[in-house]
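A.B. asks: What follows is the residue order along each chain.
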Amino acid sequence: MSNCLLSLKDITKIYPNGVVANKGITMDIHEGEIHAIVGENGAGKSTLVKMIFGMEQPSLGEIRLRGEPIKIDNPQKAIDLGIGMVHQHFMLVPSFTVMQNLLLGEEPKKGVFIDNNKAMEVTKQLSEKYNLYVEPTVKIRDLTVGMKQKVEILKALYRGAKILILDEPTAVLTSQETVELFSKLQLLKEEGHTIIFISHKLKEVKEISDKVSVIRQGKFEGTYNTFDITEREISKLMVGRDIILKYDKNPPKYGENILTVKDIEYENDNKKILDKISFSVKKGEILGIAGVEGNGQNELVKLITRLMDTQKGEIRLNDTLINNMSISELRANGLSYIPEDRMTTGIAGDGSIADNILANRILEDEFTNKGLLAGNKMKTKTGELIEKYVVKCSNALQKIIDLSGGNIQKVVVARECSVDLQLLIAEQPTRGVDVGSIEFIHHQLLEMRDEGLAILLISADLNEILELCDNIIVMYEGEIVAYFDDKAKVSEEELGMYMLGLEKHSPKNIRRAFNE
Amino acid sequence: MGNIWEIIFATDFIFSVVRVTTPILLAALGAIVSDRAGVVNIGLEGIMLMAAITGVVISAQTQSAFIGLFAAVCAGILIALILGYFVLEMKSNIILGGIAVNLFASGGSVFLLYVLTGEKGTSSSLASKVVPNINIPIIKDIPIIGEIISGHNLITYIAILSVVAVYLMLNKTPMGTKIRSVGENYHAAESVGINVKKVRYIALGLSGMFAGFGGAFLSMGYVSWFSRDMSAGRGWIALAAEAMGGGNTIGTTITALIFGFAQAFANSLQGLNIPSELITIIPNVVTVLGLCIFAITKTTKVRKVKANEKNNN
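As given, the protein sequences belong to chains A and B, one line each in that order.
Every position in the first sequence, counted from 1, becomes a number in this note's numbering once 3 is added.
Every position in the second sequence, counted from 1, becomes a number in this note's numbering once 9 is added.
Simulated from the structure, these hints should not be mistaken for laboratory data.
Don't take every hint at face value.
[Stated by the list, open to error] Below, in silico cross-link-like pairs of lysine to any residue (SDA-like), each with a Cα-Cα straight-line distance of 25 Å or less:
(1) K256(A) - T15(A)
(2) K80(A) - T15(A)
(3) K112(A) - G185(B)
(4) K53(A) - H196(B)
(5) K142(A) - C83(B)
(6) K380(A) - D358(A)
[As the list claims (entries may be wrong)] Partner residues are not named here, just some residues of chain B that face chain A (Cβ under 7 Å, in silico):
(7) S159
(8) P183
(9) V201
(10) G202
(11) S233
(12) N276
[Stated by the list, open to error] Every beta carbon over 12 Å from chain B, so not counted as near; a handful from chain A, in silico:
(13) N77
(14) K158
(15) R162
(16) I232
(17) G408
(18) G409
By construction, the Cβ of each residue, glycine as well, lies at the ideal position given by its N, Cα and C atoms.
Taking the hints into account, I'd like the entire structure generated from these sequences.
C.D. replies: This is the structure we're talking about:
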């Protein structure tokens, strides 16, 4: 057993707004191991490594490096201590060459000038030493994602990183690039580097890591020898929430298809994001899309809501092809959308509640009068909506940004659901919202379903999916990997297996999600 | 028309282009450095004005042109750093901060003049000094070239040397690399431990220094007195030159020369029988035209790139 290199003791992180991201995490990382940290989105993995890299400070607890308690105030301190990090979003300057990015801030000098020959030499040596081939004079903006990542890794190594933190390194890579990355990481490990690897892809964790630590909802669920634990066991440790909500639902009364998605494919940077996605949503149905974030759900929603152009396949709303429809036409045809990111897409933060709550209908005849807005009518309507959707505020002219997350979301829900609609796309509708608002929003969704609306619910919250949805599809790596129409037969743990790519339904069963 | 050609091809016209370009070029260098660090200093106009009055006042007090010049440059740096303090520490908007500097300088310089001389228009009552002209040995005796290159104000030569210095600094030194990385993706700079705030202070300080030289040139070289609002839009023209030059030193220098040419041309035409109102708008019209051409070529370029991308897909 090698020596303990980095140990975390009772690390707790509470943000100023009261969110507890990490709670009492105790973890030992040994020299020369690849240590995976796994957990669902929002479990607190990123926060934890940010504290190791000095980007955040723990509220409580202690970090020890080789037995010495240390305080890492900023990334520079971490770098000086031999800790390097490859961020999920690359920290590179696009117009600079590979060489310039690698050496940035620590260029070899000749007099006052940068010694270009020396820089070139250093870059080549570095790239040979670690077997990471990069072309020193190519500009970053001309590189593929995989190459950029290599530059990031080299950047950390050039600064003497012995401990290398990789935040979801495979999320942006193609499968070939992933294979290559893993072989390089193995080499680095053999040379005595210690690698901390964040992921929620269990197959990869199993493949590459020596140890695996599980975090669930900010809490530590233990460190295991990867060899001793199965993917299923890890999955069970990862999945599950504390707040369980239960609803009495009426039996569904399905009508005709409202939304039909057929053979959708989407590619970005030569990476297939969506592959042959087909499903349909009927009147009176809540169809859930479960999946770990980043498996194509986001792109799928953008295609359906016309925020992005469809490359291949057909999307129909009530039999009308919407592939080329404008967003306003689409909305006029009865689509409403509760976006995932309410602060940037859902609301205009500088506006008042009144501005936001009627933003989608200011062009309606009801609210215009000879080209001007009909102030009184708008005021009455706003009042009605605030009351109906129980938005807690001092008055309708209050800035929306001053409301709590739950109340902001209620404004969004009020806006999207109070128009004449047929299809609602609800994307993570209750994320980061208080329990009271969650219940309220859930009841709204169920009520609308009973009134005969078609609802597509995209959520990473399995409890939400299982409680609200009539039918469920699971997405993994851009594909539909499962379709459940009998929820009694499926548990959270089971859904987790599909979400993490451990299980897959037969194509025949998946095809049932799409009915002509 | 014959008159006009005679004007343009005369050596003293070309000499005057260089002279007129000097303050625009200096301010444009200030614009480059600050813009490349991501803190575009639109207070250049005001900084020039404050430097101009400072140079006049201090050189009159000390009876030394060089102390006056030094004071003018220090004033430029100081104001830029104050702007930096508001933007980098107090997190105010850089555009608003720049506007504040300009408004402050426009009124503040006249106020200072009034307090010291009792006049509100020009500083003619102050016995201020002028930075000397330099005759370059040997070169000054070469016909035509000598007449154009030699005999300029010291600050003009400083401007020319500054072009080289800024070019080398930005492209060949670690400091320049830091400035550019901070301007383009400060997260990247932060991630390798570069102190983003410090780099921006330095860039703003440099921009103040260049604008300070430009301002000093106005009141201690171009003419020998201070008059209200004497920067006359040069700070803005410099920003336009920087934008058109795409933020790079050579492009910006060329653009500054074009604007200088327009200004010098307007000055020369004043001898002819053309309404002065028409003449005074020439430099501004050239600036607007230049910016239009720049915008058009840029958008077509973007369109072409986009079209290429589509074809590739």
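A.B. asks: Decide, hint by hint, whether the structure agrees.
C.D. replies: Here's how the hints hold up against the structure:
Note on K256(A) and T15(A): the hinted pairing is violated, with a Cα-Cα distance of about 48 Å set against a maximum of 25 Å. For a cut-off of 25 Å, the pair hint linking K80(A) to T15(A) stands: about 20 Å separates their Cα positions. With a C-alpha separation of about 13 Å, the suggested pairing of K112(A) with G185(B) holds against the 25 Å cut-off. Between K53(A) and H196(B) the alpha-carbon distance is near 14 Å, which keeps this suggested pair within the 25 Å criterion.
Note on K142(A) and C83(B): the hinted pairing is violated, with a Cα-Cα distance of about 38 Å set against a maximum of 25 Å. Of the pairs offered as hints, the one joining K380(A) and D358(A) holds, with about 13 Å between alpha carbons and a cut-off of 25 Å not exceeded. Given hint, S159(B) at the interface with chain A, is violated; its Cβ is 30 Å from that chain's nearest Cβ, farther than 7 Å. For P183(B), the interface hint holds, the least distance from its beta-carbon to any beta-carbon of chain A being 5 Å, beneath 7 Å.
This hint holds: V201(B) has a C-beta 4 Å from the nearest C-beta of chain A, less than the 7 Å allowed. The restraint placing G202(B) at the interface with chain A holds, with a minimum CB-CB distance near 4 Å, inside the 7 Å limit. Interface restraint check for S233(B): the shortest CB-CB distance to chain A comes to about 36 Å, outside 7 Å, so the restraint is violated. With 7 Å as the threshold, the beta carbon of N276(B) stays out of range of chain A, its nearest partner Cβ sitting at about 39 Å, so the hint is violated.
Not every Cβ of chain B is farther than 12 Å from the Cβ of N77(A); the closest lies at roughly 8 Å, contradicting the non-interface assignment. Here K158(A) does not stay apart from chain B, with its beta-carbon only about 7 Å from theirs, under the 12 Å limit. At roughly 7 Å from the closest C-beta of chain B, the C-beta of R162(A) falls inside 12 Å, breaking its exclusion from the interface. Annotated as non-interface, I232(A) keeps its C-beta farther than 12 Å from every C-beta of chain B; the closest such distance is 33 Å.
Taking the minimum C-beta to C-beta distance to chain B, about 24 Å, the non-interface status of G408(A) holds against the 12 Å cut. Against the 12 Å criterion, G409(A) stays outside the reach of chain B, whose nearest CB is about 29 Å from its own CB.
When held up to the earlier numbered hints, the structure conflicts with 1, 5, 7, 11, 12, 13, 14 and 15 and fits the remainder.
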